[in-house]
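Guided by the hints, dock chain B onto chain A, whose structure is given.
2 protein chains.
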Amino acid sequence: MKTRRADRLVDMTDYLLNRPRKLVSLTHFAERYDSAKSSISEDLAILKRAFHERGIGLLETLPGAAGGARFVPYMLQGEADEFINELVTEVSDETRVLPGGYVFLSDLLGRPDILRRVGRLIATQYINTEIDAVMTAATKGVPMAQAVATELNVPFVIVRNDSKITEGPTMSVNYLTGSSKRVEKMELSRRSLPTGSRVLVVDDFMKAGGTIKGMMSLVGEFEGTVVGAAVFAEGRVSERVVTKYTSLIHVDTLTSDGAGITVAPGNYQSEIYTTEL
Amino acid sequence: MKTRRADRLVDMTDYLLNRPRKLVSLTHFAERYDSAKSSISEDLAILKRAFHERGIGLLETLPGAAGGARFVPYMLQGEADEFINELVTEVSDETRVLPGGYVFLSDLLGRPDILRRVGRLIATQYINTEIDAVMTAATKGVPMAQAVATELNVPFVIVRNDSKITEGPTMSVNYLTGSSKRVEKMELSRRSLPTGSRVLVVDDFMKAGGTIKGMMSLVGEFEGTVVGAAVFAEGRVSERVVTKYTSLIHVDTLTSDGAGITVAPGNYQSEIYTTEL
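If you read the protein sequences in the order shown, they are chains A and B.
If you read the first sequence in our numbering, its first letter stands for residue 19, the second for the next number, and so on.
If you read the second sequence in our numbering, its first letter stands for residue 19, the second for the next number, and so on.
One chain only, chain A, in its complex shape (with noise of 0.2 Å):
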């Protein structure tokens, strides 16, 4: 039975944007709603006009018989400014910080509706970009990868300081944690990621950057290329080891007795925002 224009418009919302980034075709519209093609453009017109004018995302249409439409989840810089001021405002919070000048920031990485907001913005940075593969380390920057690993519906993979008997065999680097200068080692399963794959690298918090510069090293030893780094959270170092990354906000304890947190945006602006959406 055919499908309703109001029904098929509903649906193919939900379809699209439960498949980012992915070509679906005319002819699988056509059989799932048993329309004819010309209507199903029709539809695809319509949503690519809504995703616009709502700022969801780019709806990418294939003219032709053989054509299709693939959803390309973006934010507008409007909607990031207004989030990212609600983070800067949340984290804000002098509770917040903890001996040693650490910042709690693991209520917020648990949050649904704040990670889906940070993998839709941290994929718009690469809105023009094959990607692979999203890479973090264990643990706490795994919400995060899955987030942005889900706006762009690629897997993500998890390098861990600690060897589990449940990964079989593995891939290490040695790597300088930025701040000590000690030598610590990581690794990912072997079987996690295919040789040669465009990945981004993603962690909840960066100061030095010694975590960022291993994990880019490990995707060296997979024959792979790094497309770009993102953090939730940057903190203030005197140097970094990592010079291109994006940041979210930037968290600044003040004095090592816990006493003071300064929370600022991070470098999204300039390092997402350089081009019109």
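Please keep in mind that the hints were generated in silico from the structure rather than gathered at the bench.
Warning: the hint list may mix true and false statements.
No copy labels: a pair is met if it fits in one copy or bridges any two.
As the list claims (entries may be wrong) - Taking lysine-lysine pairs in the DSS-like style, the calculated list, with each CA pair at most 25 Å apart, reads:
id	residue 1	residue 2
1	Lys-20	Lys-66
2	Lys-20	Lys-55
3	Lys-182	Lys-203
4	Lys-40	Lys-55
From a predicted model like this one, the values you see are computed outputs, not experimental measurements.
This is chain B only, laid out in the frame that chain A set:
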């Protein structure tokens, strides 16, 4: 400017899908689209029908001027069976068996398309249950916890075996690992979970269930209530310390030298699909 119905349908679908289980008022939509509440009510009736017919989920609508709509995602049994069969096929691969009878599953738990369906399926069991938080154990339970928490639209918290200095004050419990009967310790940041929360416990893999049982006692220390327990895969074991749980697949490695693997659907059918949706 008034928004056209077609555009409203697309945007309302996006808006509701991104806010599962939250009531959105008619007033909010009426202002968002500069449209009459009566038109919004008609739109919601279309969404409700399409969501139902396509197995996207339930759209609960509250009538009247003070009313609104709440989207509750679920997965129909037909889709669930198809999904689980796909998983069984993917896991039935002798190269996944590692020395000691462990099974490599990390690749599957790093794929957004799989995680989305895992979350949707587990959330289906709790369609009428109030849940405040999802709890899991680091590191490999995290992706599943995030997937389930996303569909329930509640925070998730991560229990760890090792204390991290960036977590602040923690609450800890000792627990018996089910298979080896060693005593271990697990802890959760005090700040992560409000006292008295209703908690769903999830993990990637369960053998005897020691970790799950440990998490349950940790929920007790936070004066909370365990709403249920769910695992991606359960292994074969002679005795379990957890009796009530939901599993998606059942994995049995036949020999200790890694020569065979038998995979079957878990108990999800009898746990989740007991009443008609």
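Hint check:
1. Both within a single protomer and between protomers do Lys-20 and Lys-66 lie at most 25 Å apart by alpha-carbon distance, with minima of 22 Å and 18 Å respectively.
2. With identical chains, the CA atoms of Lys-20 and Lys-55 are at most 25 Å apart within one copy only, with a shortest distance of 12 Å there and 29 Å across copies.
3. In this assembly of identical chains, Lys-182 and Lys-203 lie within 25 Å of each other by CA distance both inside one copy and across copies; the values are 13 Å within and 18 Å between.
4. Taking the closest pair of Cα atoms, Lys-40 and Lys-55 come within 25 Å of each other only inside a single copy of the chain (19 Å); across copies the shortest separation is 36 Å, beyond that limit.
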